[in-house]
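Read off the chains here:
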Amino acid sequence: MKLTFPALVAAAVMAAAPAMADLVVPNMSYRTGPYAANGIPYADGFADYFTLLNERDGGIGGQLIQVPECETAYNTEKGVECYEALKSQNPLVLNPLSTGITYQLIPKIGVDGIPLYTPGYGRTSAKDGSVFEWVFNAPANYWDGASVAVKHILDQEGGDLSGKKIALVYHNSAYGKEPIRTLEELSEKHGFELTLLPVDAPGQEQKSQWLQIRREKPDYVIMYAWGVMNQVALQEAVNIRFPMDKFIGIWWSGSENDVRPAGAGADGYKALTFHGVGQDYPLYEDLKTHVYDAGKAAGAGDQTGTVLYSRGAYAALVIAEAIRKAQELAGTSEITAAQMRDGFEALEITAERMEELGLPDFGQPISLSCENHGGDGLARIQQWNASEGKWNLITDFIEPDAEILDPLIKADSAAYAQEAGLTPRCN
Amino acid sequence: MIYREAGDFKTSYRDDSQTFPIRLDRWGYYAVLAVAFGIVPFVINDYWANAVLVPFLIYAIAALGLNILTGYAGQVSLGTGGFMAVGAYAVYKLMTSFPEVNVVIHILLAGGITAIVGLLFGLPSLRIKGFYLAVATLAAQFFLVWLFNKVPWFYNYSASGQITAPTRTVLDHAVTGPAASAPAKYLVCLCFAFVLAWVARNLTRGTLGRKWMAIRDMDIAAEIIGVDPLRAKLSAFAVSSFFVGIAGALLFAVYLGAAEVGEAFGINKSFLVLFMIIIGGLGSIFGSFAGAAFLVLLPVLLKNLLVGSLGWPTDLAAHIELMIVGALIVLFLIVEPHGLARLWTLTKEKLRLWPFPH
Amino acid sequence: MDQFIFAAEVVLNGLMTGVMYALVALGFVLIFKASGVFNYAQGVLALFAALTLVGIQNGQVPFAHLINAALGTQLHHFGWTVPSVMAIALTALVMVGLAFLIEKLVLQHLVGQEPIILFMATIGLAYFLEGLGDVMWGADIKTLDVGLPQGISDSIETMTDAWFGYGFFIDRLDIWATVIAALLVAALVAFAQYTKQGRAMRAVADDHQAALSVGISLRFIWVMVWSIAGFVALVAGIMWGTKSGVQFSLSLIALKALPVLMLGGFTSIPGAIVGGLIIGVGEKLFEFTVGPMVGGATENWFAYVLALLFLVFRPQGLFGERIIERV
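Chains as they are written, first to last, in my numbering: chain D, 1 to 427; chain V, 428 to 785; chain Y, 786 to 1112.
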């Protein structure tokens, strides 16, 4: 037993190493486990976009892109295994789609020199590129989300929130606790009263929290939930007849999966998003001809156009643009991970460029630099239309409150720099 | 033919009661140690260390700890994850508060703190037994996780409640933090596992171990022949928690490097370690290692086989992997209900007679 | 006064939640009573039942993903839908088949083993069923609708509003769950008391050896008990799945049943119900009164601490069989 086991493992590992490709962008996905329903569409979108580039353009700069997939099941230990397995394939960038795995990888990638791209999740203060050299979280992060949600509420209330009550229903984990500091600062600034309602994972039983909301009647509810907690929260909100248009979720609480089980009652629910929704973009025609009809779609191929699919594709798009930039800067198409980081730091995606890419008005302009790894953090609001079964964008991109966020980010990254003994760069 | 004890004569009781009375076993043991200490550190790479050997050794330590409590003293516990969290958070607080002290001392102290916490949560065992006790220890599991999540002092008031291990060195080699090399991590875990296994072996065959086993076999009878159940049960909880605390400290500081309590030390961890000792064999040191190997290595092996070699889609592979692991657990139990350790013993019995079984 | 009315509402809702917990706990008790197996797989059984139900309802092709991957086909649905009642009946049949297979392939080979070994076998089973459920029906979230109403009950709201000046919130789904649970327990008790098979089941629960010696087929009883537990899991799966959609997390409801079991005793059906109610009310009241002071999210651990407190005074649970120890 003891002897044959390692031998078998060795054989398996040897066989596992694929042929070296020039550009490797791994897809750290989770198609199993408690969050599979969220992981599947994201992974499909991510893979399909690169398939499109390979099929239509022959890759980027003449280099085909390999997208090896590794299943993490949203589990940090499997995440470590994936990281070690992928590391040997010289990846250009990693996108683990898990805040827990991101925290774990941040110290490691600094040593190994592999960029980490965490759009809309991960460590918020990684926006400060002078401390987090290898991490990028453009175009928006958790704190931007909280701030944009409050701005939207301000809009709705005619610019005055004094005496209003806002409740935050959050996943009782690192991810859910992220917006608390921001919201506390904002409540001081705008004079609203903040109620915190944590829900323990997994979040199947939330009656206490929603009874409290029913009793205290907050004017708005902001939610940071994930997995089954989303569906149950939506259902409970419908049950207590909370006005759905005053219920705003972060972008991870705003996919079709989250609202569908609650049926018609979920109509009017709002969620943040940092990209467009639906299939009304020229890109989808290309995807159809080159990917879907060619039978090359990832997964079951039934996720196209959903919110999380779009998000996965958008993440792939930003990575692809960064690769292009890196190739341009390096003067070669065979770039390394370090050149990839330079590409990210010089990344410039304008509105015109988005149109060229077949996604007009889909994402905000992104412009990164050595200091700014997080973009401008704009987000827009989408609203669920239950009868049509689709999300509609109801606002334009809204800017977050930089006055509040910047000092918070500086403070948090400075604390990290001190703890890890880093000296800020970019001078 | 090859494996036999003929001609292996003992001239003292001491020789006769040693851990490996058969010469071949002894040689095998020395050979494994020699390879583990002398060869592996020089050939190990990051993948083997971080994905295979380091988690295996850490889980083996946790399994040893739980085996002392459940296998030797008969107290079923499902609080392992919570106790590992105590070890992890203790070592984090110690590492950040006293950076000048050697990390090995921190890890040992973290084990000690966990032992005290374990002792407290072991008190109900004096009244509650069997499955009821298992569920009662879940109270510890859920309470501790909640506590570490809720009280910001434990995670030094960081924004999200994640703890990150700073870099610390042993003999000028980094063993924690991002700069730690594969051999350093592996060796630290191996040393702890080796020493703790040695301690466990000698504890369990001494007075204390015999008392534990008496309690396990029938506590009332044990009390009548003069074993104090209070001291026996609580000492089992304390020693077990010490081991588990060290495993938790290593898991956080050496293996993961960053952790969040609900995710890294949730209820799944408690179940996982319990599965390890049942599959490996209750009341067996070797079983703790075998069980940990089974549940750490098998998924990695299957994944590499199905995805890497056969090129299956990752999701299908992950699902089939679950089915195979489940089926293998049932199969092993049907073939040998007393775990891999017993299977190993039986194999050796058969080998003694081989090739002439009659 | 307001606080008092609020507390009353919390207690009522706690009772309802308790019924939902008890539904899950029932399955555990049935199997433990008849075969002494602590069935870790009960939660996964509920997930599997709910997945199968939705799959049959929507006419999904089982193993579609596997078949597509292996043969390159594009199968997803048969293109028909099955009415709820028929789908539930079919799912119940599948659960009976599953019970038969479990007995044949697992339990039969483990007769007479120690409880912890049988416990471990059910863990293996849980792993297997979890993988099987995903391979058969896919890992995405599925909406489950068998026509159970959801949302606040208007009549209760207006009634309480007239009485106390504050309308109570009661979920109609919870009312249904209570009715169904009551019917289920009544049916189980009647079955156990008045039918031949029921009596045989109780005999097995009492003493395996004695039951065998009077000619009761242990295998038949086990298949029967596992089928009933499968059916109870289906009911629990429907109730919880209606609320959250059918997805992997459904299997985690088993964790909510553990304190209930511990409090009510592993061997008592009324115990599961009463335990559920006590846990439901206790955790909700604690979260209502003490929760805000310590930052909330106390329910998970408080349920266990509450059960622990009870156990210290009654180590066999409220309704458990008295533990008699002999040397």
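Wrong hints could be hidden among the right ones.
[As the list claims (entries may be wrong)] Derived DSS-like pairs: lysine-lysine, alpha-carbon spacing no greater than 30 Å straight-line:
id: 1; chain 1: D; residue 1: 164; chain 2: V; residue 2: 577
id: 2; chain 1: V; residue 1: 520; chain 2: D; residue 2: 151
id: 3; chain 1: D; residue 1: 217; chain 2: D; residue 2: 151
id: 4; chain 1: D; residue 1: 165; chain 2: D; residue 2: 151
id: 5; chain 1: D; residue 1: 410; chain 2: V; residue 2: 556
id: 6; chain 1: V; residue 1: 577; chain 2: D; residue 2: 246
id: 7; chain 1: D; residue 1: 189; chain 2: D; residue 2: 217
id: 8; chain 1: D; residue 1: 189; chain 2: V; residue 2: 520
id: 9; chain 1: V; residue 1: 520; chain 2: D; residue 2: 217
id: 10; chain 1: D; residue 1: 288; chain 2: D; residue 2: 246
id: 11; chain 1: D; residue 1: 165; chain 2: V; residue 2: 520
id: 12; chain 1: V; residue 1: 520; chain 2: D; residue 2: 410
Derived by calculation from the structure, the hints in this document are not laboratory data.
For clarity, every value in this text was computed on a predicted model and none was experimentally measured.
Okay, the hints, checked on the actual structure:
For the hint linking residue 164 of chain D to residue 577 of chain V, the alpha-carbon distance of about 27 Å falls within 30 Å, and the restraint holds. Taking the CA atoms of residue 520 of chain V and residue 151 of chain D, the gap is near 38 Å; set against the 30 Å cutoff, the hint is violated. For the suggested pair residue 217 of chain D and residue 151 of chain D, the alpha carbons sit about 20 Å apart, so the restraint of at most 30 Å is met. Distance restraint check for residue 165 of chain D and residue 151 of chain D: the Cα-Cα separation of roughly 14 Å lies within the 30 Å cut-off, and the hinted pair is therefore satisfied.
Using a Cα cut-off of 30 Å, the hinted pair residue 410 of chain D and residue 556 of chain V is violated, with the two alpha carbons roughly 53 Å apart. Pair hint residue 577 of chain V plus residue 246 of chain D holds up; C-alpha atoms about 28 Å apart against a cutoff of 30 Å. A distance of roughly 22 Å separates the Cα atoms of residue 189 of chain D and residue 217 of chain D; the hinted pair therefore holds under the 30 Å criterion. For the suggested pair residue 189 of chain D and residue 520 of chain V, the alpha carbons sit about 34 Å apart, so the restraint of at most 30 Å is broken.
As the CA atoms of residue 520 of chain V and residue 217 of chain D are separated by approximately 40 Å, the hinted pair breaks the 30 Å bound. For the hint linking residue 288 of chain D to residue 246 of chain D, the alpha-carbon distance of about 37 Å lies beyond 30 Å, and the restraint is violated. For a cut-off of 30 Å, the pair hint linking residue 165 of chain D to residue 520 of chain V is broken: about 37 Å separates their Cα positions. For the given pair, residue 520 of chain V sits about 24 Å from residue 410 of chain D by alpha-carbon distance, which is consistent with the 30 Å threshold.
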